[in-house]
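Here the protein sequences line up with chains A and B, keeping their order.
According to our numbering, the first sequence is numbered sequentially starting from 1.
According to our numbering, the second sequence is numbered sequentially starting from 114.
Please note that a few of the clues may not be correct.
Here are some of the chain B residues that sit facing chain A, going by a computed Cβ distance under 8 Å [as the list claims (entries may be wrong)]:
#, residue
1, Gly129
2, Leu208
3, Trp222
Mimicking SDA-like on lysine to any residue, the simulated pairs with C-alpha atoms at most 20 Å apart in a straight line are [stated by the list, open to error]:
#, chain 1, residue 1, chain 2, residue 2
4, A, Lys49, B, Asn192
5, A, Lys112, A, Lys49
6, B, Lys126, B, Gly209
7, A, Lys49, B, Pro174
8, B, Lys126, B, Thr214
9, A, Lys58, B, His142
10, A, Lys49, B, Gly209
11, A, Lys71, A, Glu88
12, A, Lys49, B, Ile139
13, A, Lys49, B, Thr224
14, A, Lys58, B, Asn172
15, A, Lys61, A, Ser18
16, A, Lys71, A, Leu13
17, A, Lys112, A, Glu66
18, A, Lys61, B, Thr214
19, A, Lys58, A, Pro40
20, A, Lys61, A, Ser26
21, A, Lys49, B, Lys126
22, A, Lys49, A, Glu15
23, A, Lys71, A, Asp95
24, A, Lys49, A, Glu64
25, A, Lys61, A, Asp95
26, A, Lys49, B, Asn213
27, A, Lys49, A, Ser26
28, A, Lys58, A, Gly41
29, A, Lys49, A, Gly59
Cβ-Cβ distance ranges computed for the label pairs, FRET-style [claimed, not checked]:
#, chain 1, residue 1, chain 2, residue 2, range
30, A, Ser70, B, Arg180, 39 to 47 Å
31, A, Lys112, B, Ala151, 27 to 35 Å
32, B, Asn184, A, Lys61, 44 to 52 Å
33, A, Lys61, B, Arg176, 35 to 43 Å
34, A, Asn8, B, Arg176, 17 to 25 Å
35, B, Ser140, A, His7, 20 to 28 Å
36, A, Glu20, B, Thr214, 30 to 38 Å
37, B, Thr127, A, Arg77, 44 to 52 Å
38, A, Glu64, B, Thr118, 24 to 32 Å
39, B, Thr133, A, Glu20, 25 to 33 Å
40, A, Gln82, B, Phe173, 20 to 28 Å
Quick caveat, the hints were computed from the structure, so don't treat them as lab data.
Only a predicted model underlies this, so the values are computations on that prediction, with no experimental measurement involved.
Cβ coordinates follow ideal geometry from the N, Cα and C atoms, glycine included.
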Amino acid sequence: AQSVSQHNHHVILSEAASLELGCNYSYGGTVNLFWYVQYPGQHLQLLLKYFSGDPLVKGIKGFEAEFIKSKFSFNLRKPSVQWSDTAEYFCAVRDNQGGKLIFGQGTELSVKP
Amino acid sequence: EAGVTQSPTHLIKTRGQQATLRCSPISGHTSVYWYQQALGLGLQFLLWYDEGEERNRGNFPPRFSGRQFPNYSSELNVNALELEDSALYLCASSLGRSGNTIYFGEGSWLTVV
C-alpha cells in the first residue's frame with residue numbers, strides 16, 4: 001500500500017532562513033507527487049506537482065521540489081522564507097493511473113518575523 | 114471559474130444523529146473525493162466517486178457513505194454520529210480519473226456534541 005512520510009512535524013524558522021521539508025513515499029510503481037499548503041483558516045492549495053520530466057519542479061511563491069526516484073523522496077525547498085509562509089505543508093502521492101491522493105502527516109511551519 | 118464548493122460551512126449535530134455534507138466540483142470535473150481532517154490525524158481518505166460510481170473507499174466504517182449525482186455533485190452522509198466524527202470534511206475534484214491535479218474545497222466543519 002502507498003504511504004507518505006514527512007520527517008518534521010513542526011519547523012520554526014526566522015525570516016530569510018532557508019527551508020527544506022522532507023517527504024518520502026512508499027510505492028513500487030510510477031507516481032504523481034504533490035505538495036499542498038494550508039494557510040491558517042484557508043483551504044488546501046496546490047504548491048507544486050510532479051508528473052514526469054524534469055525532476056526539479058518549480059511551484060508558486062518561490063517554492064521548488066526535487067524528485068529523487070532512487071530515494072523515493074520529494075523534498076520541498078525555498079531559499080528564503082517569509083512570515084507569510086507560516087502554514088501547514090502536506091506532501092501527497094498518487095498512482096499515475098489516477099485515484100486518491102495519499103497524504104503525509106503534514107509539517108507545520110512557523111516563520112518568526 | 115468557481116472552485117470546489119461545499120455546504121454547509123459549519124454543522125453541529127448531536128451524537129447519534131445523521132449529517133449530510135454537499136459538494137459541487139469544478140465545472141467539467143467528473144471525479145470527486147472526500148477526506149476527513151481530524152485534529153492530530155492529518156488528512157484521511159474517505160471516498161472517491163467518478164462518473165457516478167464509487168471507485169475507492171478508505172478505512173472508515175459503513176456509516177460513512179455517499180453518492181455522486183448525474184451532474185457530478187456529491188453528498189457525504191455520516192450516520193449514527195459519534196463524538197470522534199468531529200472534523201473538517203474536505204471535498205476535492207479532478208478532471209477525470211488519471212494523472213490530473215486534485216483541487217480542494219474549503220471544507221465543512223462538523224461538530225458532534
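Hints, one by one, checked against the model:
Interface hint at glycine 129 of chain B: violated, since its Cβ lies 29 Å from the closest Cβ of chain A, which is beyond the 8 Å cut-off. With 8 Å as the threshold, the beta carbon of leucine 208 of chain B stays out of range of chain A, its nearest partner Cβ sitting at about 10 Å, so the hint is violated. Taking 8 Å as the C-beta cut-off, the interface hint given for tryptophan 222 of chain B is violated, the closest approach to chain A being about 11 Å. Taken as a hint, the lysine 49 of chain A and asparagine 192 of chain B pair is broken in the structure, with Cα atoms around 36 Å apart against an allowance of 20 Å.
Proposed proximity of lysine 112 of chain A and lysine 49 of chain A is contradicted: the alpha carbons are some 27 Å apart, above 20 Å. For the hint linking lysine 126 of chain B to glycine 209 of chain B, the alpha-carbon distance of about 34 Å lies beyond 20 Å, and the restraint is violated. A threshold of 20 Å between alpha carbons decides the hint, and for lysine 49 of chain A with proline 174 of chain B the separation of about 32 Å lies outside it, so the pair is violated. Note on lysine 126 of chain B and threonine 214 of chain B: the hinted pairing is violated, with a Cα-Cα distance of about 33 Å set against a maximum of 20 Å.
A threshold of 20 Å between alpha carbons decides the hint, and for lysine 58 of chain A with histidine 142 of chain B the separation of about 25 Å lies outside it, so the pair is violated. At roughly 17 Å between alpha-carbon atoms, lysine 49 of chain A and glycine 209 of chain B fall within 20 Å of each other, so this suggested pair holds. Between lysine 71 of chain A and glutamate 88 of chain A, the direct Cα distance comes to roughly 24 Å. Violation of the 20 Å bound is thereby established for this hinted pair. Pair hint lysine 49 of chain A plus isoleucine 139 of chain B holds up; C-alpha atoms about 19 Å apart against a cutoff of 20 Å.
For the proposed pair lysine 49 of chain A and threonine 224 of chain B, the alpha carbon gap of about 33 Å is over 20 Å, so the pair is violated. Distance check on the hinted pair: lysine 58 of chain A and asparagine 172 of chain B sit about 34 Å apart at the alpha-carbon level, beyond 20 Å; violated. Of the supplied pair hints, the one linking lysine 61 of chain A and serine 18 of chain A holds, its CA atoms being roughly 14 Å apart against a limit of 20 Å. A distance of roughly 26 Å separates the Cα atoms of lysine 71 of chain A and leucine 13 of chain A; the hinted pair therefore is violated under the 20 Å criterion.
Restraint check for lysine 112 of chain A and glutamate 66 of chain A: not satisfied, since their Cα atoms lie roughly 26 Å apart, outside the 20 Å limit. The suggested pairing of lysine 61 of chain A with threonine 214 of chain B holds, with an alpha-carbon distance near 18 Å, which does not exceed 20 Å. A distance of roughly 23 Å separates the Cα atoms of lysine 58 of chain A and proline 40 of chain A; the hinted pair therefore is violated under the 20 Å criterion. For the suggested pair lysine 61 of chain A and serine 26 of chain A, the alpha carbons sit about 28 Å apart, so the restraint of at most 20 Å is broken.
Between the alpha carbons of lysine 49 of chain A and lysine 126 of chain B the distance comes to roughly 37 Å, so the proposed pair goes past 20 Å and is violated. Between lysine 49 of chain A and glutamate 15 of chain A the alpha-carbon distance is near 25 Å, which puts this suggested pair outside the 20 Å criterion. For the hint pairing lysine 71 of chain A with aspartate 95 of chain A, the CA-to-CA distance comes to about 17 Å; that is within 20 Å, so the pair holds. Using a Cα cut-off of 20 Å, the hinted pair lysine 49 of chain A and glutamate 64 of chain A holds, with the two alpha carbons roughly 9 Å apart.
A threshold of 20 Å between alpha carbons decides the hint, and for lysine 61 of chain A with aspartate 95 of chain A the separation of about 26 Å lies outside it, so the pair is violated. Distance check on the hinted pair: lysine 49 of chain A and asparagine 213 of chain B sit about 10 Å apart at the alpha-carbon level, within 20 Å; holds. Taken as a hint, the lysine 49 of chain A and serine 26 of chain A pair is honoured in the structure, with Cα atoms around 17 Å apart against an allowance of 20 Å. For the hint pairing lysine 58 of chain A with glycine 41 of chain A, the CA-to-CA distance comes to about 25 Å; that exceeds 20 Å, so the pair is violated.
Of the pairs offered as hints, the one joining lysine 49 of chain A and glycine 59 of chain A holds, with about 8 Å between alpha carbons and a cut-off of 20 Å not exceeded. Between serine 70 of chain A and arginine 180 of chain B the C-beta distance comes to about 42 Å, which sits within the given range of 39 to 47 Å. At about 28 Å, the CB distance of lysine 112 of chain A to alanine 151 of chain B agrees with the hint of 27 to 35 Å. The supplied range of 44 to 52 Å is broken by asparagine 184 of chain B and lysine 61 of chain A, whose beta-carbon atoms lie about 34 Å from each other.
Range check, lysine 61 of chain A to arginine 176 of chain B: Cβ separation about 40 Å, and the 35 to 43 Å hint holds. For the pair asparagine 8 of chain A and arginine 176 of chain B, the beta carbons lie near 35 Å from each other, so the given range of 17 to 25 Å is not met. Taking 20 to 28 Å as the suggested C-beta distance range, the pair serine 140 of chain B and histidine 7 of chain A does not conform, at roughly 38 Å. Taken as a hint, the range 30 to 38 Å is violated for the pair glutamate 20 of chain A and threonine 214 of chain B, whose Cβ atoms sit roughly 23 Å apart.
At roughly 47 Å, the beta carbons of threonine 127 of chain B and arginine 77 of chain A sit within the given window of 44 to 52 Å. A hinted range of 24 to 32 Å for the beta carbons of glutamate 64 of chain A and threonine 118 of chain B is consistent with their spacing of about 31 Å. Distance hint check for threonine 133 of chain B and glutamate 20 of chain A: the Cβ-Cβ separation is about 42 Å, which falls outside the suggested range of 25 to 33 Å. Look at glutamine 82 of chain A against phenylalanine 173 of chain B: about 38 Å separates their beta carbons, and that is not inside 20 to 28 Å.
Checked against the numbered hints above, the structure breaks hints 1, 2, 3, 4, 5, 6, 7, 8, 9, 11, 13, 14, 16, 17, 19, 20, 21, 22, 25, 28, 32, 34, 35, 36, 39, 40 and satisfies the rest.
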